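Peer 1: I would like the entire structure built from these sequences, with the hints used as guidance.
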Amino acid sequence: MNPSRSLVPRNARQTFGQSTRLSRLGGGPVRRSLGVAGAAMVVGSLALLSSTRLQRADVRTGDLLRRTRSGPSDRVIAAATDLGSLYGVVGVSAALALRGHLKVARDVAIVGSTAWILSQGAKTRVKRARPYEADGVIRLIRPPTGSSYPSGHAAVAAAMMSVVAADGPTPLRAVCAALSAFVGCSRIYVGVHYPSDVVGGAGIGLLLAAGWRAMLRAVVSG
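Its first residue numbered 1, the sequence shown is counted upward by one per residue in the working numbering.
A hint or two may mislead.
Claimed, not checked - Below, computed lysine to any residue pairings styled on SDA-like, alpha-carbon distance capped at 20 angstroms:
#	residue 1	residue 2
1	K127	K103
2	K127	I117
3	K103	V90
4	K127	R56
5	K127	G146
6	K103	S147
7	K103	S50
8	K127	R66
9	K123	G146
10	K123	P143
11	K123	A134
12	K127	P144
13	K127	A218
14	K103	F182
15	K123	Q55
16	K123	R142
17	K123	E133
18	K127	L48
19	K123	L48
20	K103	L86
Said to hold, decoys possible - Distance windows between CB atoms, simulated:
#	residue 1	residue 2	range
21	D74	A218	18 to 26 angstroms
22	G71	R99	29 to 37 angstroms
23	A97	V43	32 to 40 angstroms
24	M215	R99	22 to 30 angstroms
25	R173	A79	37 to 45 angstroms
26	A40	K103	38 to 46 angstroms
27	V126	P169	34 to 42 angstroms
28	K103	T145	27 to 35 angstroms
29	G136	D82	20 to 28 angstroms
30	R99	G121	14 to 22 angstroms
Simulated from the structure, these hints should not be mistaken for laboratory data.
Treat the numbers as computed from the prediction; the structure is a model and nothing was measured.
In this text, a Cβ means the ideal position worked out from N, Cα and C, and glycines have one as well.
Peer 2: Quick look at the structure:
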């Protein structure tokens, strides 16, 4: 017998390889928790829009964040907020591809661009004026198009960062969560979204990421 030949049966090696690929896509509980969180965020933010009292609280929360404005941070945040745009999708995907993470780069490109498309479509269904239009908030960036709800940037950031974090260790997941939260808060900070817009957009992103991981897992296991 050739000593270099593996003693593990071929079907066992195939089963182990499949289970490894499945584990990298995230287990059922993780995927379900993303989906449940995303759905709750979308439903909760939409429910807020039907309450005048809650909308006033929404405005006040955004005002509290904008009170932290200062010259240097205004310029940095106004520039960095585009991490949640289609430019951000291209940049993150390209960086991952250059580092050799081709599958993750593909997933980021697909999920990020889909999040942008879906959020733009949702804007045509939910007509909401932006803070600088309805409440006199000073805008720090050029005026975006469409309704205030939901935040497309928050949707893209949540979707992309969920995909990047899926295979990573705890420190990477923490960084991805922080980047996603930063993008969402930056949209409030620059005066183009209410907090509930960001919550709804992030919920869309989480739902998409969970759905994409579920689809990949079904393909691998099938």
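Peer 1: Against this structure, judge whether each hint is valid.
Peer 2: Structure-based check of all given hints:
1. K127 x K103: Roughly 37 angstroms between the alpha carbons, so the hint for K127 and K103 is violated.
2. K127 x I117: holds (17 angstroms)
3. K103 x V90: holds (14 angstroms)
4. K127 x R56: Roughly 17 angstroms separates the two Cα atoms, so the pair holds.
5. K127 x G146: holds (8 angstroms)
6. K103 x S147: Answer violated: K103 to S147 is near 33 angstroms, above 20 angstroms.
7. K103 x S50: Since the Cα atoms of K103 and S50 sit roughly 41 angstroms apart, the hinted pair is violated (cutoff 20 angstroms).
8. K127 x R66: Not satisfied, since the Cα-Cα distance of roughly 23 angstroms exceeds 20 angstroms.
9. K123 x G146: Since the Cα atoms of K123 and G146 sit roughly 6 angstroms apart, the hinted pair holds (cutoff 20 angstroms).
10. K123 x P143: holds (15 angstroms)
11. K123 x A134: Holds, at about 16 angstroms.
12. K127 x P144: holds (14 angstroms)
13. K127 x A218: violated (37 angstroms)
14. K103 x F182: Measuring from Cα to Cα gives roughly 25 angstroms; hence the hint is violated.
15. K123 x Q55: holds (18 angstroms)
16. K123 x R142: Holds - the C-alpha atoms of R142 and K123 are around 18 angstroms apart, at most 20 angstroms.
17. K123 x E133: holds (16 angstroms)
18. K127 x L48: holds (14 angstroms)
19. K123 x L48: Holds, because 16 angstroms separates the two Cα atoms, which is no more than 20 angstroms.
20. K103 x L86: Between K103 and L86 the Cα gap is close to 19 angstroms, so the pair holds against 20 angstroms.
21. D74 x A218: 18 to 26 angstroms: Given a distance of about 45 angstroms, which is not inside 18 to 26 angstroms, the answer is violated.
22. G71 x R99: 29 to 37 angstroms: holds (35 angstroms)
23. A97 x V43: 32 to 40 angstroms: With a Cβ separation near 36 angstroms, A97 and V43 satisfy 32 to 40 angstroms, so the hint holds.
24. M215 x R99: 22 to 30 angstroms: holds (24 angstroms)
25. R173 x A79: 37 to 45 angstroms: violated (25 angstroms)
26. A40 x K103: 38 to 46 angstroms: Hint violated: Cβ distance 29 angstroms, outside 38 to 46 angstroms.
27. V126 x P169: 34 to 42 angstroms: Check passed, 37 angstroms falls within 34 to 42 angstroms.
28. K103 x T145: 27 to 35 angstroms: holds (33 angstroms)
29. G136 x D82: 20 to 28 angstroms: The hint (20 to 28 angstroms, Cβ to Cβ) holds, given that G136 and D82 are roughly 24 angstroms apart.
30. R99 x G121: 14 to 22 angstroms: Between R99 and G121, where Cβ atoms are some 32 angstroms apart, the hint is violated.
When held up to the earlier numbered hints, the structure conflicts with 1, 6, 7, 8, 13, 14, 21, 25, 26 and 30 and fits the remainder.
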